[in-house]
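There are 6 protein chains.
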Amino acid sequence: MENKIAVYRKEHFNAAHRLHNTDLSDVENASLFGKCNYPNYHGHNYELIVKVIGEVDPKTGFVIDLKLLSDLIKEHVIEKFDHKNLNLDTIEFKNLNPTAENIAIVIYNILRTKLDKKYDLKIVLYETERNYVEYPA
Amino acid sequence: MENKIAVYRKEHFNAAHRLHNTDLSDVENASLFGKCNYPNYHGHNYELIVKVIGEVDPKTGFVIDLKLLSDLIKEHVIEKFDHKNLNLDTIEFKNLNPTAENIAIVIYNILRTKLDKKYDLKIVLYETERNYVEYPA
Amino acid sequence: MENKIAVYRKEHFNAAHRLHNTDLSDVENASLFGKCNYPNYHGHNYELIVKVIGEVDPKTGFVIDLKLLSDLIKEHVIEKFDHKNLNLDTIEFKNLNPTAENIAIVIYNILRTKLDKKYDLKIVLYETERNYVEYPA
Amino acid sequence: MENKIAVYRKEHFNAAHRLHNTDLSDVENASLFGKCNYPNYHGHNYELIVKVIGEVDPKTGFVIDLKLLSDLIKEHVIEKFDHKNLNLDTIEFKNLNPTAENIAIVIYNILRTKLDKKYDLKIVLYETERNYVEYPA
Amino acid sequence: MENKIAVYRKEHFNAAHRLHNTDLSDVENASLFGKCNYPNYHGHNYELIVKVIGEVDPKTGFVIDLKLLSDLIKEHVIEKFDHKNLNLDTIEFKNLNPTAENIAIVIYNILRTKLDKKYDLKIVLYETERNYVEYPA
Amino acid sequence: MENKIAVYRKEHFNAAHRLHNTDLSDVENASLFGKCNYPNYHGHNYELIVKVIGEVDPKTGFVIDLKLLSDLIKEHVIEKFDHKNLNLDTIEFKNLNPTAENIAIVIYNILRTKLDKKYDLKIVLYETERNYVEYPA
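In the order they appear, the protein sequences are chains E, A, D, R, G and S. Be aware that the first sequence starts at 652, since it is given in our numbering, and climbs by one per residue. Be aware that the second sequence starts at 652, since it is given in our numbering, and climbs by one per residue. Be aware that the third sequence starts at 652, since it is given in our numbering, and climbs by one per residue. Be aware that the fourth sequence starts at 652, since it is given in our numbering, and climbs by one per residue. Be aware that the fifth sequence starts at 652, since it is given in our numbering, and climbs by one per residue. Be aware that the sixth sequence starts at 652, since it is given in our numbering, and climbs by one per residue.
Watch out, some of these pointers could steer you wrong.
Subject to a maximum C-alpha distance of 30 angstroms in a straight line, what follows is the list of computed BS3-like cross-link-like pairs (lysine-lysine) [stated by the list, open to error]:
(1) A:Lys702 <-> A:Lys731
(2) S:Lys710 <-> D:Lys686
(3) G:Lys661 <-> A:Lys731
(4) A:Lys702 <-> R:Lys769
(5) R:Lys731 <-> G:Lys686
(6) E:Lys661 <-> E:Lys773
(7) D:Lys710 <-> D:Lys745
(8) G:Lys655 <-> G:Lys745
(9) A:Lys661 <-> D:Lys773
(10) R:Lys655 <-> R:Lys710
(11) R:Lys769 <-> G:Lys702
(12) A:Lys745 <-> G:Lys655
(13) A:Lys731 <-> A:Lys773
(14) D:Lys745 <-> E:Lys686
(15) R:Lys731 <-> S:Lys661
(16) S:Lys702 <-> S:Lys731
(17) R:Lys702 <-> G:Lys773
Treat the hints as calculated values from the structure; they're not laboratory data. These figures come from a predicted structure and were not determined experimentally.
Whenever a hint applies, use it, and build me the whole structure from the sequences.
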C-alpha cells in the first residue's frame with residue numbers, strides 16, 4: 652500500500668432538490684424529512700471532492716493529470732447537475748431520493764465507468780459546511 | 652467615529668431560486684440570466700453576515716448582545732427564507748428578481764425595522780464562496 | 652465495503668482547559684506542557700466532527716438522519732462541555748489530562764453507547780485550525 | 652484617498668475568559684451573560700486581524716513590512732494574551748469585562764502607541780467563526 | 652450612499668515572484684526583503700477579490716453581471732499573471748517590485764480602464780492566508 | 652486498531668516550481684504539462700498536513716507532542732523548501748519532477764527517518780485549495 656498515493660480534485664455545483672421518497676405518502680415524507688421535504692424545493696452549493704488512488708507514473712510524476720480529471724468531472728457530473736433541479740431535471744433522481752448519500756453514490760457510479768480500472772475512486776460530497784458524506788466509506 | 656465599533660453575526664440558510672424578471676419575456680430572461688434562469692430552479696447555501704455599528708454599552712461591554720441579534724435574525728430572516736423557494740414561497744420575491752443584490756436589500760429592510768435606530772446596519776450575503784454582495788456599500 | 656457510506660456532522664463548543672497530569676509534580680507538569688500548563692487555564696473553540704459509517708436505508712436514503720445525530724451530539728456532548736472548564740467542571744477530566752487526544756476518546760466513548768451497534772463511529776476534534784486528532788485512527 | 656492602501660496581518664491567540672462586570676451582582680451578571688458568565692471560565696481561539704492604512708513607500712513597495720508588523724503584534728499582544736486567563740492573568744481586564752468589543756479596543760490602544768502616527772489602524776477580532784468585531788467601525 | 656451596493660467576485664492565480672528593487676544593490680535588497688529576495692524566486696496562490704460598487708439595475712437586479720465581471724478579470728488579469736514569473740514574464744513588474752501592494756495597484760489600474768466609470772472599484776489581494784492588501788483603502 | 656489515534660499538524664511553505672521531466676524534450680514537456688511547464692516558473696502556497704498515528708502515552712496524554720512535531724517539520728521540511736525554487740534550489744528535485752505527488756513522497760521520506768518507528772506517518776499536501784494529494788494512500 653505504501654506505493655499508492657491519492658490525489659484529490661475539488662469541484663462544485665449549485666442545485667435545487669427536496670427530500671422525497673416517491674413510494675411513500677406525503678404525510679410520511681413530511682414526517683421523515685421535515686423542512687427538507689417542503690414542496691417547492693430548496694437548494695445547496697454542493698462541494699464535490701473526487702479522490703483517485705493509484706501509483707505515480709514515473710514519466711509525468713502524476714497519479715492522473717488533475718486537469719484531465721477536472722475536465723472529466725465537469726463533462727460528466729457538473730454539466731449534468733449544475734443549476735438543475737435534481738428531482739425534476741435529472742433521470743438519476745426521478746425515482747431516487749436525492750439525499751447527499753444517494754447523490755454521492757450516483758456520482759461514484761458515473762465516474763467509475765469513465766475512469767481506468769487501475770484507479771480506486773472515492774467521492775466526498777458536502778451538502779453544507781456541516782453535513783457531508785463519503786462513498787465508499 | 653473612533654468611538655464606534657462594529658459587531659458581526661454570521662447565519663445561514665438554504666434556498667432555491669431562479670433569476671427571472673416577471674416583466675420580461677422568457678427569451679429575454681434566458682438571454683439575460685443564462686443557466687440561472689433555468690425553469691425548475693437551482694439553489695444555494697446562503698451565508699448571511701449582519702453587521703451592527705454602535706457604541707459599547709459600559710454596563711455589558713456589548714454593542715448589542717449577539718445572542719439577541721442572532722435570535723432576531725433567525726426569527727425574522729432565517730425562518731422566512733430557510734428551505735424555501737424564494738420565487739414561489741415568499742411574498743418578497745413574488746415580483747422581485749431574487750438576485751443576491753435584491754435579497755440583501757430585502758434582508759436589510761426587514762432588519763432595519765427591528766433594530767434600534769441608534770445602530771447602523773450593513774448586510775453581507777454570500778451566494779457562493781466566490782460571489783457575494785454588501786448593502787449598503 | 653463498497654456498500655458502506657460515511658456521513659459527517661460538524662458541531663462546536665468553546666471550553667477552557669489546562670494540560671495537567673494530576674499524578675505529576677508541578678515542576679514536571681510545567682516542563683512537559685509549557686504554556687499549556689499555565690495555572691489559570693486558557694481555552695479553545697473546539698470543532699467536533701462525528702463520522703458515522705453504515706449502509707443507506709432504502710426508505711430514507713440516509714445512513715442516519717443527520718438532524719437526529721446533531722441532536723444526539725448536542726444532548727450528550729455539547730451540553731456537557733460547552734462554555735465549561737474541562738478540568739474543573741466535568742467528571743470526565745477530573746483525573747484525566749484534557750489533551751485533544753483524551754477529549755476525542757471521551758467523546759467517542761460517550762457517543763458509542765448512544766449509537767446503534769450497526770454503525771461504525773469515528774471522532775475528529777480540532778483544537779486549533781493547525782492541531783487536530785482523529786479517533787480511532 | 653485613492654493613493655492610500657491597506658495591509659492586513661492575521662495572528663491568533665488562545666485564551667480563557669468569562670463575561671463578568673465586577674460592578675454588578677452575581678445575579679445580574681448571570682442574567683446578562685448567561686453561560687458566558689459561568690464561574691470557571693471557558694475559552695476561545697481568537698483570530699486577530701490588524702489592518703494598517705498608509706501610502707506605499709516607493710523604496711520597498713510596502714506600506715509597512717508585514718514581518719515587522721507581525722513581530723510587533725507578537726511582542727505586544729500575543730505574548731500578553733496567549734494561553735492566558737484574560738480575567739485573572741492580565742492587568743487590562745482586571746476591572747474591564749473581556750467582551751470581544753473590549754478586547755479589540757484594548758488591542759487597538761496597545762498597537763496605536765507602537766505604530767507610527769502616519770498610519771491609520773483598525774482591529775478585527777474573531778471570537779468564534781460566527782461572532783466578530785471591528786474597531787474602529 | 653444608502654442606494655449603493657457592492658458586489659464581489661473572487662478569482663485566483665498562481666505566480667512566482669521575488670521582492671527586488673532594481674534601483675538598489677543586492678546587499679540592500681537582501682537586507683530589506685530577507686528570504687522574499689532569494690534569487691531564484693518563490694511563489695504564491697494569489698486570491699483576488701474584485702469589489703464593484705454601484706446601483707442595482709432594476710431590469711436585471713444586478714449591479715453588474717458577475718459572469719461578465721469574471722470574464723473581464725480572467726481576460727485582463729488572470730491570463731496575464733497566472734502561471735507566470737511576475738518579475739521576468741510581465742511588463743508591469745519589469746521595473747516595479749511585485750509586492751502585494753504593487754500587484755493590487757497594477758490590477759486596479761488595469762480593471763479601472765475596462766470598467767464603466769459609473770462604478771467604484773476596489774481590489775483585495777491575498778498573498779497568503781495571513782497577509783493581504785486592499786486598494787484603495 | 653481501536654486503541655490507535657491519529658494527530659495532525661498543519662504547516663505551510665511558499666515555493667516556486669515548474670513541472671518538467673529532465674529526461675524528456677521541451678516539446679514533450681510542454682505537451683504534457685501545459686502552463687505548469689512555463690520556463691520561468693510559477694508558485695504556490697503549499698499547505699502541509701502531517702498525520703502521525705500511534706498510542707496515547709498515559710503520562711502526557713499525547714500521541715506525540717505537537718510542539719515537537721511542529722519543530723521537526725520546520726527544521727527538516729520548511730527550512731528546506733520555504734521561499735525556494737524547488738527545481739533550482741533543492742537537491743531533491745534536481746532530477747525529480749516537483750509534482751504535488753513527488754513533493755509529498757519526498758516529505759514523507761524525510762520525516763520517516765526522523766520519526767520513531769512506532770508511529771505510522773501520512774502526508775497530505777495542498778498545492779491549491781482544489782488540488783491536493785495524500786501519501787501513502
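Violated hints - listed by number, lowest first: 7, 8, 14
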